Every structure is written in structure tokens, then in C-alpha cells.
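Using the sequences and the hints given, assemble the complete structure.
The working numbering runs 488 ahead of the 1-based position in the sequence shown.
One or more hints might be untrue.
What the hints assert, rightly or not - As a list, the in silico DSS-like pairs of lysine-lysine whose alpha-carbon atoms are at most 27 Å apart:
| no. | residue 1 | residue 2 |
| --- | --- | --- |
| 1 | Lys595 | Lys549 |
| 2 | Lys563 | Lys549 |
| 3 | Lys549 | Lys581 |
| 4 | Lys595 | Lys581 |
| 5 | Lys581 | Lys563 |
| 6 | Lys595 | Lys563 |
No lab work stands behind these hints: they were computed from the structure. Keep in mind the model is a prediction, meaning the values are calculated, not measured.
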Amino acid sequence: MQQVRCCQPCTRRRVGSGVGRASAERRHDEQARAGLAIEFRHLRYFLAVSEELHFGRAARKLHISQPPLSQAIRKLEAELGVQLLERTSRVVKLTEAGRVFAEEARKVLADVELAVHAAQRAMGAGYTLRVGCVPHLPIDGLLAFLEALHERSPSDRPQVTHMTSGEQVARLRSGELDVGIFNDEGEEEGLEEEPLFPAERLVAFLAPDHPLTEHAVLGPADLAQETLVVFPQAASVAPHDRWLALLERAGYRFAGVRDAGGPDPRDLLLAVAGRLGVMLAPASLAAVSDAGALVVRRELDPQVTLANTVVAWRADPPERLRETLAVVRDIARELRGP
489 MQQVRCCQPC TRRRVGSGVG RASAERRHDE QARAGLAIEF RHLRYFLAVS EELHFGRAAR
549 KLHISQPPLS QAIRKLEAEL GVQLLERTSR VVKLTEAGRV FAEEARKVLA DVELAVHAAQ
609 RAMGAGYTLR VGCVPHLPID GLLAFLEALH ERSPSDRPQV THMTSGEQVA RLRSGELDVG
669 IFNDEGEEEG LEEEPLFPAE RLVAFLAPDH PLTEHAVLGP ADLAQETLVV FPQAASVAPH
729 DRWLALLERA GYRFAGVRDA GGPDPRDLLL AVAGRLGVML APASLAAVSD AGALVVRREL
789 DPQVTLANTV VAWRADPPER LRETLAVVRD IARELRGP
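Okay, here's the thing in C-alpha cells:
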């Protein structure tokens with residue numbers, strides 16, 4: 489006689505007893521309800537905390553207060569039945585479960601956005617092209633890119649969000665961004681890049697009453713005892729090593745490195761103005777952020793130059809984006825010139 493095996497070993501049945509079956513069915517129902525109870529906003533909240541690794545900064549990024557953010561994360565962990573974050577009085581870290589969940593949550597939200605945009609495009613509403621851009625890019629350069637894109641591809645509606653280079657790379661890879669504009673030397677795996685604007689030189693930003701403002705030009709020896717203010721590590725996503733290596737190749741080393749309060753350039757400027765350290769940044773940042781009222785800038789010798797500003801996208805973009813990305817590549821080549 490042919491033996492029939494149960495295809496669901498976790499719910500093995502026993503004659504005369506329905507307790508095991510009822511218990512398994514009850515657990516299944518509870519898990520189903522838990523899945524349905526997870527809200528998209530909770531995923532967004534968790535991703536903000538996973539990127540900032542700081543509840544206060546994540547709350548400011550989300551434009552909410554901190555208590556409801558903390559409550560939402562606790563509720564999400566309870567629904568999932570796993571700990572996503574390790575919290576201490578000083579540090580917030582992702583658990584291994586949190587790291588895996590963050591990767592999958594990004595994909596879920598990206599898929600939802602794609603579905604919304606596809607539905608809107610089907611009704612003739614056009615596609616919202618999600619564009620990331622470094623905060624220090626001069627506004628005239630960004631406007632030139634956007635105007636050319638509107639002229640060539642009027643059905644695409646660019647939505648620009650300012651964020652650091654590292655955060656753009658992470659979001660491009662996860663599908664949360666369609667196009668990124670940042671500084672790079674072509675080192676990012678999985679992305680295609682087209683040079684857009686020439687490299688910018690760096691200058692030093694100091695508090696107005698800093699003793700080094702007496703010098704018109706600053707060199708490595710002048711800055712060796714200073715603390716360098718940088719974007720928060722979590723906001724930058726990638727480690728600071730590449731940035732510090734760029735400065736060290738030109739001879740610049742510092743007594744210490746200090747994270748700014750947030751990912752906005754103004755956070756760095758406020759830290760510098762408060763005498764928490766000095767900042768090395770593109771000269772154009774002064775015009776972008778109205779830095780003149782907060783800090784003063786000084787030239788560097790030897791000079792340090794950033795990598796070129798590039799426009800980038802995933803090497804395996806969705807089919808619907810390929811025509812637009814071909815236009816983006818052509819625009820970059822025209823704006824760059826010979």
C-alpha cells in the first residue's frame with residue numbers, strides 16, 4: 489500500500505485529540521493578524537531610526553516627536569516577535585534581525601512606490617522620478633539639470649530630496665531612489681555613473697572668533713590639533729574612511745573627529761559656529777546654506793579636490809526607467825561639455 493505523507497509536518501494530527509491542531513491553527517491566525525497589523529508608516533519610522541541610529545534625529549527627519557516614534561518601534565517589535573534594535577543610554581544599534589528586516593522593508597516600500605507611480609502613469613499622471621542630490625551642489629547646476637530633463641522628458645516629474653552621498657548609494661541599490669547626484673570616483677558597485685559637473689575644491693570653515701581666522705590660508709600644520717566636524721556616520725551610511733583618506737592624502741590629519749547633530753549641512757555649520765570643531769567642505773556650501781552669517785572660510789594649501797559630481801542609477805534599472813535614464817545620460821554629457 490502506498491504511504492501518504494503529510495505535507496505540513498508542523499501540524500501532525502493525532503486520532504482522538506484536536507488540541508494540537510487547534511493550537512497550530514490559533515498560532516497561524518495570530519501570525520496572520522500580526523502581519524496585517526504592520527503599517528507602512530511603522531516601516532518608514534523603523535528605516536529612519538536604522539539610518540540615523542538615533543531616535544532624536546530620526547524623529548526630526550520624520551517631522552514627528554520622539555515619544556510616538558519610540559512607541560511605534562516597540563509596537564513593530566512586538567508584532568514581529570523579534571528585537572530590531574539594541575538600545576543603551578548612549579548608543580542605538582541594529583540587531584542582526586533588524587539589519588535583515590531593514591533590507592527587506594526598503595524593498596517593500598520601494599515596491600509600493602513603484603505600484604503607485606505605475607498606476608498614476610497609467611492614468612496619464614506622469615511618473616514621479618525620485619532624485620537624490622547632495623546638499624552642497626550649487627542651485628544653478630541642479631536647476632540646469634532639472635530644466636533639461638523637463639524639456640526632454642516632460643512626462644517625468646522630478647522629486648528632489650537632499651541627502652548625503654552614502655545615503656543615496658544605499659537608496660539607489662534598494663530601489664528607493666531612481667537617480668542620484670553626488671561626488672564619486674566610480675567606486676560604487678551595482679551602479680552606473682555619468683560625470684555631470686567638475687570636481688570642487690575644499691575650503692575650511694571656522695567659527696568667526698576662532699584663532700585660525702587670523703590666517704588667510706591654512707595648511708596641515710595649522711589644523712593638526714583641531715577636531716574635524718563631519719556628517720553623522722549613520723546618515724552617511726558608508727564609513728568615513730574614504731573621506732578621511734582623501735584628506736590624509738593631501739597631508740591633513742586631525743586631533744579628533746566629531747559627528748554633527750544631523751545630516752543637514754546647517755547642522756555642521758552650527759557645530760562649527762559653536763566652536764565644536766572645524767569643517768572642510770566644498771566652497772559652494774557657503775552659497776547654498778547662507779553660511780556667511782555663521783562661520784568664515786579660509787583657503788587650503790595644499791588644495792584638496794572632491795571627486796567629480798556624477799549622476800548615477802542602478803545598473804539593472806526597471807524597464808520603465810530605461811528610456812528616462814538614457815535621456816539623463818545625454819543631459820549629463822551635454823552639461824559637462826567637451
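Within 27 Å, alpha carbon to alpha carbon, are Lys581 and Lys563?
holds, 18 Å
Given the hint that Lys595 pairs with Lys563, does the C-alpha gap stay at or below 27 Å?
holds, 21 Å
Going straight from one Cα to the other, do Lys595 and Lys581 come out at no more than 27 Å?
holds, 21 Å
Compare the distance between the alpha carbons of Lys563 and Lys549 with 27 Å, and conclude whether the hinted pair is satisfied.
holds, 20 Å
If you draw a straight line from the CA of Lys595 to the CA of Lys549, is it 27 Å or shorter?
holds, 20 Å
Does Lys581 sit within 27 Å of Lys549, going by the straight-line distance between their CA atoms?
holds, 18 Å
Violation of the numbered hints given earlier is absent; every hint is satisfied by the structure.
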